[in-house]
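Colleague: Below are the chains, spelled out letter by letter.
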Amino acid sequence: MHALIIDDSRAMRMILRRIVTDLGFSCSEAGNGEEALAQIAIGPRPDICLIDWNMPVMDGYTFVTRVRSEADLRDITLMMVTTESEHGQIVRALAAGAHEYVIKPFTPDAIVEKLTLLGLVRDGVPA
Amino acid sequence: MSLTYDEPQLADVLALAEEVWRSFVGDDEPLLPAEPDPGIVAYAATVTIAGAWNGAVTLEFGDGTAEAVSARMLGSGSMTEADVADAVGELVNMVGGNVKSLMPGPSALSLPVVSAGRVAHSNDTTEICRCDLRWAGLPMAVSVHAHRRQDGHQS
Chain A
733 MHALIIDDSR
743 AMRMILRRIV
753 TDLGFSCSEA
763 GNGEEALAQI
773 AIGPRPDICL
783 IDWNMPVMDG
793 YTFVTRVRSE
803 ADLRDITLMM
813 VTTESEHGQI
823 VRALAAGAHE
833 YVIKPFTPDA
843 IVEKLTLLGL
853 VRDGVPA
Chain B
55 MSLTYDEPQL
65 ADVLALAEEV
75 WRSFVGDDEP
85 LLPAEPDPGI
95 VAYAATVTIA
105 GAWNGAVTLE
115 FGDGTAEAVS
125 ARMLGSGSMT
135 EADVADAVGE
145 LVNMVGGNVK
155 SLMPGPSALS
165 LPVVSAGRVA
175 HSNDTTEICR
185 CDLRWAGLPM
195 AVSVHAHRRQ
205 DGHQS
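So the protein sequences, as listed, match chains A and B. Those letters in the first sequence? Residues 733 to 859, by our numbering. Those letters in the second sequence? Residues 55 to 209, by our numbering.
Accuracy of the hints is not assured; some may be wrong.
Covered, in the sense of this in silico footprint (three residues per stretch, anywhere, with C-beta under 8 Å from a C-beta of chain A), are these stretches of chain B [as the list claims (entries may be wrong)]: (1) 71-85; (2) 131-144; (3) 153-160; (4) 187-194.
Keep in mind the hints are simulated off the structure, nothing from the lab. In this text, a Cβ means the ideal position worked out from N, Cα and C, and glycines have one as well.
Only chain B is shown next, with the shape it has when bound in the complex (with noise of 0.2 Å):
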């Protein structure tokens, strides 16, 4: 029994994350690629793929990252904490929507789930893909998450 995962390309899923930025953050300030932050995730938004390929697409934020990347998407200094999960919320949903594109489907997406901190993945779940990014100086990440299959073949 061997198990197998479908991939997408880290290159990929790093060009929709910046096509989201330039399209709705602003492109003065790219999306660049980083060493890992050891400081903390203060927002995690994610959202599932579920169908022809099952798995998650993940953005983790740095401490005050979703609330910079939040106030520019909005044009907006001053926003609550609902905002931010708002704004956060739409760009996963982007970014995981055109990830599910890539995959072989037909498959449904999730609405957004935004959490404090670092998200859960279940066990049956292993990262595929990570690139660790800074915007603005800030850090964050984007990952993407797929089930374990144990069939041995491809979706």
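Next up, chain A with everything else stripped away, as it sits in the complex (with noise of 0.2 Å):
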């Protein structure tokens, strides 16, 4: 199972990772949308994107669409990370795709509890 965190700030990049390395994702990162959008077409392809939403470049709720637009990207879970809560922020992201949002700051158990609702994490490990 492979996570691809997109977020402008290295510090909340490293929590993130430490988070789903620790249940056992293997993980890369990305700075903004553009970033991880050049970074799928590559591979590995993520299995889920915990994204950010204000970043430079490209913003996580543009790279939502980005990645809904494209037919062979729809399996990929998508979940917001992000400081932004207010309700037709949360209402315009989970509209165009997303299927989880987490409001900063948040804790571990608030990621975990997360990843096992979307059916990627049972017994605390990858599903």
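Got two chains here, separate frames each, mind docking them using the hints?
Modeller: If you want it as structure tokens, here you go:
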């Protein structure tokens, strides 16, 4: 199971990487949506993307719409991990095709819980 | 003509900062309210909010505070200045994003800007909320600035 963490903050990427690798995921990172699309094109193909909203170059919302517009990428699970907590933005992201939405700050348990709800983790390990 | 401000409550801003600290810096050293520190501001990190409410949220770090906070956040003792700027930028991003959620929306959050020394706020803003703090005995502060309105109405 492979996770792609998309966040312009190296600190946040490191924190999320720690959480998902502790669960047993392999992991790669991108600093914005455009970098993430380039990484997906060359592989490895992620099972899940953890996506910040506010990033330079290409934001997380645009990334979600771009992934969802590609038929062959529709099996990738998309989870927003962001400080953006306005109701309208959450609805917009979910309508665009994000599967889950985590608001920063979060605890490691909150990430594990969401991954479990998405069926990507079972009994604390990748499903 | 009167000038008005929408004001996030100090207790709410402090609670948000405490939650961010607990989640990402650790809960063994709480943020504690403190007297203003007369020393230098070594780093300041700020995000602006623009839309139905306009303002800025700023974290100021005294000498050594940003480095210590970043080291705890990243679990690493050796960091570059860029690492410190990135870490404190993410902290203000989280505090600012949650302050935004308390205010009238919709609005947009900027990317964080981190500076060495005190941040300069524009003339059309005023500090509406400030809490001087200590973390692990080190000085820091969180503040909120709002743009002045001249229409006499709250957003």
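Colleague: Each hint should be assessed against the structure and marked as holding or not.
Modeller: Right, here's what the structure says about each hint:
Using a Cβ-Cβ cut-off of 8 Å, 5 residues of the segment 71-85 of chain B lie near chain A, which meets the minimum of three, so the contact claim holds. Here's how the segment 131-144 of chain B fares: 5 of its residues keep a CB closer than 8 Å to some CB of chain A, so the rule of at least three is met and the hint holds. Here the segment 153-160 of chain B counts 4 residues with a CB under 8 Å from a CB of chain A, which clears the bar of 3, and the coverage holds. Residue count for the segment 187-194 of chain B with a Cβ under 8 Å from a Cβ of chain A: 0. That is fewer than the three needed, and the coverage hint is violated.
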